[in-house]
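Q: Given next are the chains, with one letter for each unit.
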Amino acid sequence: MVKIKTSNLNVWFDWEIALKNITLDVSENEILGIIGPSNSGKTTLLRTLNRLNELYPGSRVEGKAELDGKDIFTEVDILSLRKRVGIVFALPLPLPLSIFDNIAYGPRLHGIKKNNSLSEIVEKSLKDAALWDEVKDRLQESAFKLSGGQQQRLCIARTLAVEPEVVLYDEPCSGLDPISTLKIEEAMKKLKSNYTQILVTNNVKQSARVSDRTAFFLMGELIEVGITAEIYTAPKDKRTDDYISGRFG
Amino acid sequence: MKKKYVSGVEFFIEKAIFASGAATILFVVLIFVFLLKEGLSLFSEVSLTSFLFSKNWYPISDPPQFGILPLIMGSILVTFGAIVISVPLGVAAAVYISEVAPKSIRTFLKSGIELLAAIPSIVLGFIGIIFLAPAIRNIFNLSSGLTALAGSIMLAFMALPTIVSIIEDAIVSVPRSYKEGSLALGATHWQTIYKVILPAASSGILAAIMLGIGRVIGETMAVLMITGNAAIMPTSILQPVRTLTATIAAEMGEAVAGSSHYYALFAIGIILFIISFVINLLADMFLHRGKK
Amino acid sequence: MRDTRRTERIAFALLFLATIVIVAPVGIILFIVLWHGLPGLSLEFIFSMPREGMRAGGIFPAIIGTLVLTIMTAVFSIPVGILAAIYLNEYAGKNWLTRMVEMAIINLAGIPSIVYGLFGLGLFVAFLNFGTSILAGSLTLAIMTLPVIITATREALNAVPQAFREVSFSLGASRWQTVRGVVLKNAIPGILTGAILGLSRAAGETAPILFTAAAFYLPQLPQSVFDQCMALPYHIYVLSTQVPNVSPKIQYGTVLVLVLMVFMLNIMAAFIRAKFRKRKTW
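Protein chains in written order, with my numbering: chain B, 1 to 249; chain F, 1001 to 1292; chain A, 2001 to 2282.
Keep in mind that the hints were calculated from the coordinates and are not lab data. Certain hints may be false.
[As the list claims (entries may be wrong)] Restraint-style ranges between C-beta atoms, simulated for each label pair:
| hint | chain 1 | residue 1 | chain 2 | residue 2 | range |
| --- | --- | --- | --- | --- | --- |
| 1 | B | Ser80 | F | Leu1026 | 30 to 38 Å |
| 2 | F | Phe1012 | A | Ile2071 | 19 to 27 Å |
| 3 | A | Phe2127 | F | Pro1175 | 48 to 56 Å |
| 4 | B | Asn10 | F | Ile1105 | 53 to 61 Å |
| 5 | F | His1288 | A | Phe2271 | 31 to 39 Å |
Each residue gets a CB set at the ideal place from its N, CA and C atoms; glycine is no exception.
Let the sequences and hints guide you as you build the complete structure.
A: Here is the structure:
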């Protein structure tokens, strides 16, 4: 089942083109890795899929992007789109609230008010993000007291708490130590059964470890996409080969 | 797609937000309209040129004469004096506070200046009558110390907090690299200040001067109390004068609504509105130029 | 080389001197006001009506008048000011309307206070027929205070990191939910500080209430918002220029009460600012 599908998607910021003719699909319960040097349009793609780019005047989109066969720009309400397509940002960005309230922020937005339902959601989300055991006794503490790796898992839990169908990760481990990175990768693998996930990463090896398929982006273009093992062992395009083997980027 | 609201509260609050934004424009328009509504009636009796350029302000003589030139000159004289006093002091203080003063003294000085900004102008006017005016009378051997000079000194103090804080902002936002570059070439800190930092902060200083002028020209009560209130063409800074603002404050109480005197005071309001509009636009322009 | 060092020392000494010329009078003025004002201060002075053409008795109606005017100014200006700032910072796109609103605010901030007085007279007192009243005066003061509140609120809103907004939007929050949930929550201390400072200015203003609210001599408390009232700043003006032979004790006492009220507001603002700066965690 195709979950997300883009066809001939172009994105501009003012007069600069950030994504060129991206045609790509992501299947349900798949982890798609997106690799490529910085400024290759990876982050822009994620922020187009939940329409966060539209917060900035000057961004413009052409072409199509679909979620479950519905055009996200015309056929899906922007708020429910963002609820269904969650994102985890590059830096851990807890809100200045307690751990509990960080996770409950999203569910509360969507009308869940009862304390025991919120508690259930918080517990489940934290467990899914592999953070529960570390914070279950300190839910009322400020989220800023957590370590960087814990904060990032908190952000994953916060994203999961609104029960999205798709989770986008924008270089989620860029500032983290190897052990925290490992924990996040394990969490992603566990989440496969329930979510479609797209992982943008600067770390070539991370995509190899986690993703089912990998796409390689360069300067706003999709160079190639395929089964991860094939991309890493027998890339069709020389530029992919160069990037993976570390000759540039 | 049509915008969906999450709740009724949200619908109303968003309408209120837009309305409040629009209200600011409405207020400016209303102010101008009501000044015009009352003020323009004057010009059926008095021509604009004689209003602006005649030297006689005798609003209650018969026939009344409405020439505001002495009032304009009074405002200009007092403002000019205040700016001459406050700008050098303000630049010096801003430089001292932002570049020279040790941190502990800096906090102290800054609070002092904030305190000055907090004192109501009526209080400064009161102190001015009791201490400043007699001092001026004694120093210059005058029959009264209530003069343009007293007004200028008083107004300089009122404008200083504005002037200092804007210049300080301008100095602080000069890129560090300018300063370091200059110091690296062997310039002293002082040379760096007047050759590099002050020129780089010049548009902020201009903005400060403009806003200072705006503050001074619009000040009413303290000026009314301390400048002696004589609506005559000033010839010296040691004479009593009457400003545009003080005239409105002093005479509106006696002017009969609907009389030409009443209209004339609103017409002065129009002049003040236009002056402040121009000054603030200029200041804003300088500030934006500084930011780029 | 020695010369440039000496020039620098002299220059810095002059700068210091200039700063002292500004700051020292502030201290002296406050000292004078306290020194002459404290002896006049008593419960009777604060809580009784003026007598004998204001040459004796207390200033209770002026205190109440200023309090009522300030509170009503707050009621009118704070909601509109905060909402207008939210419009500019959180809703408005970069278009001509936004620019117009910004220009309007800059313009409002610069209009002389006496011109506000004229406007209040023309619109509220005469045209809307509120008469010289607390209502007319506080509406006039409110419009005058608006730009201060808007500017302070915008600064406070700007200080909230953009990332917080993105997080909120990414979870499916609407614009208002984002403003309420993450923006306002973190901007409230800054907004409060600015609003209080704006009000402290309004409390000390005379010119805007001169023809819209202030009563020369009215030894009774206002009964409704359509009544005139005495006010401290105007009372000081009256005592120092309009009534002969007022004892300095009463004059300074009145000045001291106004200064204390205004400073109390300022201290409150500084306190809020300091308290929340410590709590800020990002």
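Q: State for each hint whether it applies.
A: A quick look at each hint next to the structure:
| no. | hint | in the structure |
| --- | --- | --- |
| 1 | B:Ser80 - F:Leu1026: 30 to 38 Å | holds, 36 Å |
| 2 | F:Phe1012 - A:Ile2071: 19 to 27 Å | holds, 25 Å |
| 3 | A:Phe2127 - F:Pro1175: 48 to 56 Å | holds, 52 Å |
| 4 | B:Asn10 - F:Ile1105: 53 to 61 Å | holds, 59 Å |
| 5 | F:His1288 - A:Phe2271: 31 to 39 Å | holds, 34 Å |
Every hint, counting from the list given before, is met by this structure.
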